[in-house]
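Chemist: Using the hints, put the two chains back together into the complex; each one sits in its own frame.
Each chain, written out:
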Amino acid sequence: MSLISIAWKSIRQRGLASALTALSVALGVMMMVVVLVISGAVDAAFNQRTIAYDLIVGHQRGGELALVLSAVYRVQPASENLPYLYYLQLREDRRVVSAVPLAFGDVTQEGHFPLVGTTDEYFRNDYTPGRKFRIRGKRMSHHFDAIIGAEVARRNNWDIGSQFTIVHGGADGTHVHDEKFTVVAVMERTGTPNDRTVFVNIEGFYAIAGHETPLNEVEQRLKNFYASDPERLKTALAQIAAAREQEAAEAAHDHHHHHAIPDAAKEVTAILIRTRPDALFDPINLSAELREGYQAMAVNPMKPIRQIMNQLVGSVKQGLMVLTAMIILVSGVSIFVSIYNSMSDRRREIGIMRALGARRTSVFGIILMESVVLCVGGGLLGWLAGHGLAVAAAPYVTARTGLLLDPWTVDTLEFVLFPVLLLLASAVGFLPAMTAYRTDVADALSG
Amino acid sequence: MSLLLENVRRAYRNPDGTVLPVLNIERYELGQGEQAALVGASGGGKTTLLNVVSGILTPHSGRVIVSGTDISRLPEVVRDRFRAEKIGFVFQTFNLLPGLTALENVLLGMTFSRSRPDRAFAESLLERVGLKDRRHHRPGRLSVGEQQRVSVARALANRPALLLADEPTANVDPANQDLILHLIRDTCREHQVTLLMVTHAMEVAEQFERVDRLQDFNHPQIASEATA
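Each protein sequence line maps, in turn, to chains B and F. This note's numbering puts the first residue of the first sequence at 1, with every later residue one more than the last. This note's numbering puts the first residue of the second sequence at 1, with every later residue one more than the last.
Okay, chain F solo, but in the shape it has when bound (with noise of 0.2 Å):
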């Protein structure tokens, strides 16, 4: 088992003080290099579910297993070094650092982990993601599809044993979508990484084996009706 969510509920405070469930998940699972694709309605909770099983948030109550570890026990400290070592992250809108070339934003994918940055395994990720003739040049230099694909490579740049992509074709042109999400997918695969991938795109989404759609698992208002 690479992801199991059990009994997770997770809130938030409103700026007049009421209480504003957002996640209340019995049980969520994903196999050991299965990958999935999680739809729901935006404003729908995808994010703070990425932000859960990530262990930038924590929940209210319930378990967060990540590769046999209970992330929400884990003190911050140790969660920080955890998803540095075992998580990768495609965002919705690429998050490359604007003052670091692209093989250094791949670098910083493996800065925060124990282990010695590897810059032949990062070359070699973006000359997996095809940009090996541009990985000095800045993001502010490549286009929209070639920074996503450097995201695709940073996200697998500490090796990580689940990748968590945010919506990651939303601002891709339609020329790249199926390029990036195949490129996702087959290193995903390649890596034998877990791929969890959150979108709204039903056309998306199709394209994986697995779709799972969050307002089937996910019943946020039944723990707002049991808080009440």
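Chain B with its partners taken away, still in its complex shape (with noise of 0.2 Å):
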């Protein structure tokens, strides 16, 4: 019999004892495993989210971060919009490859999902570097076509031909626009927030009743936007001047009827830009001359992103392993109080194994081996166990949250584990295997 197996005989001669201490270390790795895989899937999911876009530009007013968490996160509306003449203006920058607008601040009346205003662009171009949208209908070709996320599908039971009503101002509002936008397309899961977004015509979004913007406000805003580029804000405010005249007019002849906005009042939230993929400092470039002509920034989403998961997502994360770290400590120590509570109990087996010839130091191996299977094994099945939980609630972490769960993605930390559990085991078997090095033979038979 080789001395592992006399430990293994000894670890199930107590049986239960033995599957405590090694369930509390199972329990204490396994939910380390399953902070390290959400926390690997949340990572992945910000950093995949914000890479299909070069830059994206909103408002100076508004910090950094909030711009990020509107214009990508959709989780805060934007403090204040840039005019639509703006979006157009980057279109034609030799820079830009590609530009499209976000405007939003309604909600579905539904489930109180976000609306963003946008252009078929977006749908062309990746969400993030080689995934393509995948569509399942058809274009929107009129302005109150719709193209739903797939957990809005879902939550919602909606599908193509679907109706329904949006509410003003966030989920809180009461104003519910009269509009009907009617589902024209479901996107496929993308594991990404456009799951959980109901995308709108830009035009549609528009001519919505209540978005207008009233003339004055639009002017003041544009004055201010175009302060050091007078000949585009002379441009502007000629098409508003217009608008008014017709405005005028209808008022005069007590005309209702519908008419388009002229783009001088149209209002985007934000612009999301790819610059062309061999010219590195385009974003650089671009990024420095928007924040000096004009009240707009651009802004890389990296950092944003890299700075709400430090801050967040990073401290959460840290906290919930320094939790799953005593708890493995106190796994360990429980082991050790399980040994080392044993050991008035075997010292006449340890006797017996050292009057059959056992030295010193097999019985110290034998004691110290003890220790090791309770903590690794209890960390393997840990191990396992988190891995197998997440593979369990993969499915339903991606249908609430979105987030695309990997259950075998191994952390380098879990690398780390099972050195750090070995040591663990050497720590505290090594008091009660000193215990069993030091049995005075003859005491222990006579006892």
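These aren't lab readings, by the way, just hints derived from the structure by calculation. Keep in mind that this is a model prediction, so the values were computed, not measured. Virtual Cβ for every residue (Gly too), placed ideally from N, Cα, C. Any given hint might turn out to be false.
[As the list claims (entries may be wrong)] Have a look at the derived ranges for each label pair, beta carbon to beta carbon:
(1) His-191(F) with Asp-440(B): 25 to 35 Å
(2) Arg-13(F) with Leu-423(B): 35 to 45 Å
(3) Asp-440(B) with Gly-43(F): 16 to 26 Å
(4) Val-322(B) with Thr-18(F): 54 to 64 Å
(5) Asp-118(F) with Leu-431(B): 51 to 61 Å
(6) Asp-440(B) with Val-144(F): 24 to 34 Å
(7) Glu-26(F) with Leu-422(B): 53 to 63 Å
(8) Asp-440(B) with Asp-173(F): 23 to 33 Å
(9) Arg-116(F) with Phe-430(B): 25 to 35 Å
(10) Arg-116(F) with Leu-422(B): 44 to 54 Å
[Claimed, not checked] One side only, chain B facing chain F, incomplete, derived with CB under 10 Å:
(11) Gln-13
(12) Arg-94
(13) Ser-98
(14) Asn-216
(15) Gln-220
(16) Glu-349
(17) Gly-351
(18) Ala-355
(19) Leu-356
(20) Ala-358
(21) Arg-359
Modeler: See below:
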């Protein structure tokens, strides 16, 4: 019989106590693995969602983080909008390969999913490098056509042909718009905030009654925005003046028919920009120019995302890791208590083995192996249980949060886990093993 | 010569610091394959003598020669290995490991020597002591007599040169006493093993051709006087 099989049989002899101590280690490790899998998925999601565009352009008022949270994650409304004319201007910039306008502020009445007005270009672009939207249905051709995310379709039980209304100004808004939108296409799941978004034709967004800003206010905003570009301001104000005249004429004739909104009166919340792939400095140059010339700013999405990761998710992850590390440590102590308490009962067994010729180092090794088997065995069980749990929970988590869990992704910390468990086992097993080492054989046999 | 003790002295220190001499043996010997019963009163030093002979304890002076090796001169690690390979033990309280089956307990007797555990030999020993069918039972499921038979098989598992038995029948019911005693003696004879059995029961000792009284050759009080 080998020493390890003696250790194993001794563990089995104290079945319940051994199982409970191994279980406590397993639970600690399982929690750690789950935390790592989830944080890995969050990390990947945060990285993945930001790299399809090089810059996000928004108004200078409101911070970079707020811009990314609203434009990419749609969790926070933007504080101020940009002129639509500015989007048209950026689209013409030779450094810009693609510019996509985003306008939002409303939510669906059912489910309170954010509404985003955009153009078809948004769906033609990759949502993450190499990954294109897969959409079932047709493109938005009418003002009140909508393309919905997979999660919206699932939760609201909507499909192509479904009609819905929207609520003005966020989930707590009470004003329900009269316009009815029709679902013309449903996106396949992307594992991004797109899944929880309702996209509408940006022209339809402007056509919603109450979305037009009073012309006086628009005029003031244009003056502020184009303060350093009088030529463009002049063109813009001319459009506003024309619109004002038309309004006055309609008022005189008591006509209330629908008319096209001039571009100068339209606004966008953010503009997603793709620069030329071979011009590495384009995003940097463009970003610098935007800050100086107008009341706009361009953000590299990676920077605030890293900030969120580090400040928010990072510290939560860190806290959970400390918690699970403490659980594992406490489990280690329970292994120590279990083995150490058994030592008085096992003194005689150690004496017998020594009488049969076992060396001090052999009995030391047997006790240490017990600690290692409990600790590492428990850890292995916990590792499998953690990944097993991730496998079982992955569809549910994806459905609920949109996070794409990869249950068998192994974090680098997991490679460190087992050497750490081995060290822990050696540390907690050392004292009982030394007790075995020092056992007086004659005394143990006579006792 | 299988066992020779020469001028062996061993004492214990009492908690109050005084010295209690237990062994003072000028000479004691056993020939190869010989079987002897050593009779002595309780507390007379019988177990200490077995511990000294097996190398569990070292004498404070003198020589303990087993199969030509003076084990009292060996470092502990070598003594342990010597015990694992040359000495078998049958204890009064059987001392089987409760977590191991009968067969595993016998295999344990081979575990600490250099030779590979011989499962077939362990099974043949269990068959010899009449426990072939119970080899996979743990001690808790064996009767007292069966447990002692397992411990006899274990004592022979390492093919020892010397078997030490410490009151092997003391905890066994009268019906099993003769059985155990014959089993030990017969198997030792079959395997050419020298047997030294200590007992306080004269009726057990009288079954041996050679009966030695510990008090006849152990004179700890003389050592005590010399020390004083």
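Chemist: Determine for every hint whether it applies to the structure shown.
Modeler: Now for the hints, and whether the structure bears them out:
1. His-191(F) with Asp-440(B): 25 to 35 Å: 31 Å, holds
2. Arg-13(F) with Leu-423(B): 35 to 45 Å: 40 Å, holds
3. Asp-440(B) with Gly-43(F): 16 to 26 Å: 19 Å, holds
4. Val-322(B) with Thr-18(F): 54 to 64 Å: 57 Å, holds
5. Asp-118(F) with Leu-431(B): 51 to 61 Å: Hint violated: Cβ distance 36 Å, outside 51 to 61 Å.
6. Asp-440(B) with Val-144(F): 24 to 34 Å: 27 Å, holds
7. Glu-26(F) with Leu-422(B): 53 to 63 Å: Hint holds: Cβ distance 55 Å, inside 53 to 63 Å.
8. Asp-440(B) with Asp-173(F): 23 to 33 Å: Taking Cβ atoms as reference, Asp-440(B) and Asp-173(F) lie about 32 Å apart, which means the hint holds.
9. Arg-116(F) with Phe-430(B): 25 to 35 Å: Between Arg-116(F) and Phe-430(B), where Cβ atoms are some 30 Å apart, the hint holds.
10. Arg-116(F) with Leu-422(B): 44 to 54 Å: Hint violated: Cβ distance 29 Å, outside 44 to 54 Å.
11. Gln-13: 3 Å, holds
12. Arg-94: With a minimum Cβ separation of about 81 Å from chain F (threshold 10 Å), the hint on Arg-94(B) is violated.
13. Ser-98: Violated, about 72 Å.
14. Asn-216: Violated - the Cβ of Asn-216(B) stays beyond 10 Å from chain F, reaching only about 90 Å at its closest.
15. Gln-220: Not OK, violated: Gln-220(B) not within 10 Å of chain F, min 87 Å.
16. Glu-349: 6 Å, holds
17. Gly-351: 8 Å, holds
18. Ala-355: 5 Å, holds
19. Leu-356: 6 Å, holds
20. Ala-358: 5 Å, holds
21. Arg-359: Where the cut-off is 10 Å and the nearest Cβ of chain F is about 5 Å from Arg-359(B), the hint holds.
When held up to the earlier numbered hints, the structure conflicts with 5, 10, 12, 13, 14, 15 and fits the remainder.
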